[in-house]
Amino acid sequence: MSSREYCQLIDEICRITLLSDPESFYQYAHLNINQINFTLTEQSVGEENNLLIICEMGEIPNKNQAAILFRLLELNFHLFAEPRSPICSVNPETQKVNLCISLPVIAATATGIVRLLTQLAEMAALWRETYFLDNPPRSDSSSYGFSRAHPSLHTLFTQEKS
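Quick note on numbering: the sequence shown equals residues 9 to 170 in our numbering.
Check the hints yourself; a few may be wrong.
To be verified - Cross-link-like lysine to any residue pairs, in silico, SDA-like; alpha carbons within 25 Å at most: (1) Lys71 <-> Ala129; (2) Lys104 <-> Thr49; (3) Lys71 <-> Asn99; (4) Lys71 <-> Lys104; (5) Lys104 <-> Ala37; (6) Lys104 <-> Met131; (7) Lys104 <-> Asn45; (8) Lys71 <-> Leu141; (9) Lys104 <-> Ala133; (10) Lys71 <-> Ile95; (11) Lys71 <-> Leu81; (12) Lys104 <-> Thr47; (13) Lys71 <-> Glu101; (14) Lys71 <-> Phe85; (15) Lys104 <-> Asp142; (16) Lys71 <-> Cys96; (17) Lys71 <-> Leu134; (18) Lys104 <-> Leu81; (19) Lys104 <-> Asn40; (20) Lys104 <-> Phe46; (21) Lys104 <-> Asn84; (22) Lys104 <-> Thr138; (23) Lys104 <-> Ile41; (24) Lys71 <-> Ser97; (25) Lys104 <-> Gly66; (26) Lys71 <-> Gln43; (27) Lys104 <-> Pro69.
In case anyone wonders, no lab produced these hints; they're calculated from the structure.
Can you make the complete structure from the sequences, with help from the hints?
Given below as structure tokens:
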């Protein structure tokens with residue numbers, strides 16, 4: 009059963025995005041933004057309720073598969089430095105790459121989540137074009153080398169934390 013805070017968040021997201029029947033999204037919200045599939049759901053960990061966001065980035069092509077998977081591992085390494093950071097994963101059922109994020113429901117706002125989903129859709133579209141192979145992480149003193157190579161990453165995953 010979904011928490012009251014999560015249901016209110018889904019209600020507000022549906023209001024902002026003009027989606028009807030928010031109750032049908034309480035267990036799993038399957039959304040499509042600019043041809044990118046998302047799933048939102050709630051997970052309780054102890055007394056904290058988290059919003060899980062799964063962004064389906066797409067299939068891994070056969071060509072350059074090792075380089076693409078290595079780049080995703082690099083991305084995980086660079087994003088790991090931030091609390092509440094996303095991770096890249098492969099869905100074993102679909103064999104598609106996902107970008108997964110877990111945020112406390114109580115800290116999430118509908119406008120922030122809609123903005124985040126829009127930015128994730130842009131990032132997924134870029135990944136589908138380049139697989140992030142065109143711009144490798146920089147070796148600098150910051151753990152944000154990859155974020156600087158793809159500027160939307162740093163702002164994308166820090167703005168929801170406040």
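Results of checking the hints against the structure:
1. Lys71 <-> Ala129: holds, 23 Å
2. Lys104 <-> Thr49: holds, 19 Å
3. Lys71 <-> Asn99: Holds. Lys71 to Asn99 sits at ~19 Å (cutoff 25 Å).
4. Lys71 <-> Lys104: holds, 15 Å
5. Lys104 <-> Ala37: holds, 19 Å
6. Lys104 <-> Met131: holds, 15 Å
7. Lys104 <-> Asn45: holds, 11 Å
8. Lys71 <-> Leu141: Since the Cα atoms of Lys71 and Leu141 sit roughly 12 Å apart, the hinted pair holds (cutoff 25 Å).
9. Lys104 <-> Ala133: Holds, at roughly 14 Å.
10. Lys71 <-> Ile95: The hint holds at about 23 Å.
11. Lys71 <-> Leu81: With a Cα-Cα distance of about 17 Å, the restraint between Lys71 and Leu81 holds, given a limit of 25 Å.
12. Lys104 <-> Thr47: holds, 14 Å
13. Lys71 <-> Glu101: Roughly 21 Å between the alpha carbons, so the hint for Lys71 and Glu101 holds.
14. Lys71 <-> Phe85: Holds. Lys71 to Phe85 sits at ~23 Å (cutoff 25 Å).
15. Lys104 <-> Asp142: Judged against 25 Å, a Cα distance of about 20 Å means the pair holds.
16. Lys71 <-> Cys96: holds, 19 Å
17. Lys71 <-> Leu134: holds, 17 Å
18. Lys104 <-> Leu81: Given pair Lys104, Leu81 holds - Cα atoms ~15 Å apart, limit 25 Å.
19. Lys104 <-> Asn40: Holds. Lys104 to Asn40 sits at ~16 Å (cutoff 25 Å).
20. Lys104 <-> Phe46: OK: Lys104 and Phe46 at ~12 Å, within 25 Å.
21. Lys104 <-> Asn84: holds, 16 Å
22. Lys104 <-> Thr138: Status holds; Cα separation ~16 Å.
23. Lys104 <-> Ile41: Roughly 17 Å separates the two Cα atoms, so the pair holds.
24. Lys71 <-> Ser97: Given that 25 Å is the threshold and the Cα spacing comes to 19 Å, the pair holds.
25. Lys104 <-> Gly66: Roughly 5 Å separates the two Cα atoms, so the pair holds.
26. Lys71 <-> Gln43: holds, 23 Å
27. Lys104 <-> Pro69: Holds, at about 10 Å.
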